[in-house]
Amino acid sequence: MTTVAPAMRRRGRLAEGVRRHMITFYAVLALAYLMLPVAIVILFSFNDKNGKFNFVWSGFTLKYWKQAFEVPGLLEAFLRSLRIAVFSSFVATILGTLIALALIRYRYRGRAATNIFIFLPMATPEVVMGSSLLALFLTFKIQTGLTTIVIAHILFIISFVVVTVKARLAGFDRHLEEAAMDLYADEWTTFRKVTLPMIMPGVFAAFLLGFALSFDDFIITNFNSGQVVTFPLYIWGAARVGVPPQVNVFATGLFVIAVGLMGLSIWAQRRRS
Amino acid sequence: MTTPEKGKGLAGVAGEPFAVELRGVTKRFGDVVAVDSLDLTVDENRFFALLGPSGCGKTTTLRMIGGFDEPTEGTIRLHGEDVTGRKPYARPVNTVFQSYALFPHLSIFENVAFGLRRQKVGDADVKRRVGETLELVQLTGMERRRPGQLSGGQQQRIALARALINHPKVLLLDEPLGALDLKLRKEMQIELKRIQNEVGITFIHVTHDQEEAMTMADSIAVMNAGHIERLGTPHEIYEDPQSSFVASFLGSSNLVEAAVVDLARGELAIGTRRVHVIPERVPAGAAQVKIGVRPEKLGVHSPGETTAVNTLMGTIADVSFIGVSTQYLVDTELGTSMAAVQQNTGGRRFSPGEQITLAWAPEHTFVVR
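Taken in order, these protein sequences are the chains called A and B. Each residue of the first sequence is one higher than the one before, starting from 22 at the first, in the numbering used here. Each residue of the second sequence is one higher than the one before, starting from -13 at the first, in the numbering used here.
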């Protein structure tokens, strides 16, 4: 009795401590799970690798950072993906924002159908969408290449833009637009001076999301790229003969830029409110 | 100024066109008739209240004057000019919204300056007028803040400033005090009245709060189910509501069934009693009406101690003392109960069970159908 009691009490205290820190514990675990691959990518951009493959740590070097642009085709593919991503998400953001405005503001014939069609690209497996797009392009005898990649990317980004902007518009006080019109702003001025600035955080978030989706899209792009090599296609090709550590360098750079942009966006929103 | 002949509007006092003129205005939303063939004129420099319960069509009426909703039928004139079908930005009116609708992404300065900027007023003028208007609403020094940093009452004043700075011909206020707490609401009522006196613009104020309307407005239109039940000064409406809806919506009243005995002399019968009212108040051709007396107009006396024209016998059923006054609930000889309120100015106080006489004057009696 007397010997068991302190042990039990100790175990009770331990359980209590675990219980109290459970949330922290899980949070750290989940974060580690999310961040570990990123950390590995960053770490291996500094790996002084032995042989073809960059999978085993064999010493620190800045070599690959210094020679970042010296792998043939890598920089070109990277810049090409960047351009495709910027252009596609820009066009998709404009179109998607307008669709979201129409869906929230107006009751018209075909509104329900529009909602379903907007949802479809998100629900369709990428393999299905990629192959059907290719079939479409072939049927219409459109040469696959940069144009078809951009068309495909705009297509699937629009859905995400619509969903994101719609969420922002749902909480929008219509009286703000009426107030602007009441104060001598016509429809276009009202949109420019009130509606757009108000939904801008949502529009910007949609643009970033679209950019990310386009930049790293592989499956749909692979079907419709023709001879054009994007960054994901380049890595996929390179992986068969050994991915150069410069890929890690570019990935690290991109990660830093993305985190920077997110930080900027959060800072801007905090300042606004 | 607008030329009256162009819009062919009817003239108000002294040949001037009305500030606001609605003719046969109807608004239907699907099958629902929100406003039913409404005629309404508002004179220059008035503080006009549209009063009614929610869903009576008062806000829809205001929104049609502002241009946010278009009437299904009828015409709207502002200072004689037909503005039906015009967009809000093409009407010389400005609105204070119930939710204030301040632009959260703009500073207070830019919020107030918004209308002037759209009219391409020069920077120096904008600066001067924003300063003046903020002074008018007593919020000088707030220029660089954001709407989110102001209290509800301050936001309310900014919404007012943002509308007033444009010197509209008519200012529309949609329940502007609805979101404020009671103390602030009382303050703003006085404040709004002061500002209206100062700027001399016609205010059209929508509210469901009868006390607010009575405190502020020169004239009140009481609305119910899409039409105007009664229009007049607060005093006229309170003393002679002319309908049981208006009587019960503005304050409390004792309503009793009565039969018209002699229309010319204003003599009516309630039960076996004869009472007298002002003859003009009896609707022509009515045989059965209701008469009403406000509780504070009913005198409570010991039996036989009154010489008033109209009396009823009764028994005190309940007494509640509330400081400034005493409220009595009286079971009358008619079998109904009536409420009476007596100022506590040293008169005799009665206890439950006591026999009393209720007495009131003909001019304090109103008649409704």
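Be a bit skeptical, because a hint or two may be false.
[Unchecked claim] To spell it out: a stretch of chain B is covered by chain A in this simulated footprint if at least three of its residues, at any positions, have a beta carbon under 8 Å from a beta carbon of chain A; those stretches are: (1) 65 to 75; (2) 97 to 107.
[To be verified] Derived DEER-like restraints, expressed as beta-carbon distance ranges: (3) 44/A to 126/B: 43 to 53 Å; (4) 103/A to 138/B: 39 to 49 Å; (5) 73/B to 132/A: 21 to 31 Å; (6) 131/B to 278/A: 54 to 64 Å; (7) 40/B to 33/A: 42 to 52 Å; (8) 165/B to 218/A: 33 to 43 Å; (9) 135/A to 40/B: 28 to 38 Å; (10) 292/A to 126/B: 20 to 30 Å; (11) 132/A to 19/B: 25 to 35 Å; (12) 76/B to 240/A: 51 to 61 Å; (13) 44/A to 19/B: 24 to 34 Å; (14) 163/A to 165/B: 29 to 39 Å; (15) 40/B to 38/A: 48 to 58 Å.
Keep in mind that the hints were calculated from the coordinates and are not lab data. Quick caveat, the model's predicted, so the values are computed rather than measured. Ideal placement from N, C-alpha and C gives every residue a C-beta, glycine not left out.
A quick look at each hint next to the structure:
1. 65 to 75: Held - the region 65 to 75 of chain B has 3 residues with a Cβ nearer than 8 Å to chain A, which meets the minimum of three.
2. 97 to 107: Coverage by chain A holds for the region 97 to 107 of chain B (4 residues, Cβ < 8 Å).
3. 44/A to 126/B: 43 to 53 Å: holds (49 Å)
4. 103/A to 138/B: 39 to 49 Å: This hint holds: roughly 48 Å between Cβ atoms.
5. 73/B to 132/A: 21 to 31 Å: For residue 132/A against residue 73/B, whose Cβ atoms are near 25 Å apart, the range 21 to 31 Å holds.
6. 131/B to 278/A: 54 to 64 Å: At 34 Å between Cβs, range violated.
7. 40/B to 33/A: 42 to 52 Å: violated (59 Å)
8. 165/B to 218/A: 33 to 43 Å: violated (24 Å)
9. 135/A to 40/B: 28 to 38 Å: holds (34 Å)
10. 292/A to 126/B: 20 to 30 Å: Holds: the Cβ-Cβ distance is about 25 Å, inside 20 to 30 Å.
11. 132/A to 19/B: 25 to 35 Å: About 27 Å separates the Cβ atoms of residue 132/A and residue 19/B, which means 25 to 35 Å holds.
12. 76/B to 240/A: 51 to 61 Å: holds (53 Å)
13. 44/A to 19/B: 24 to 34 Å: Since the Cβ atoms of residue 44/A and residue 19/B sit about 57 Å apart, the hinted range of 24 to 34 Å is violated.
14. 163/A to 165/B: 29 to 39 Å: violated (58 Å)
15. 40/B to 38/A: 48 to 58 Å: holds (56 Å)
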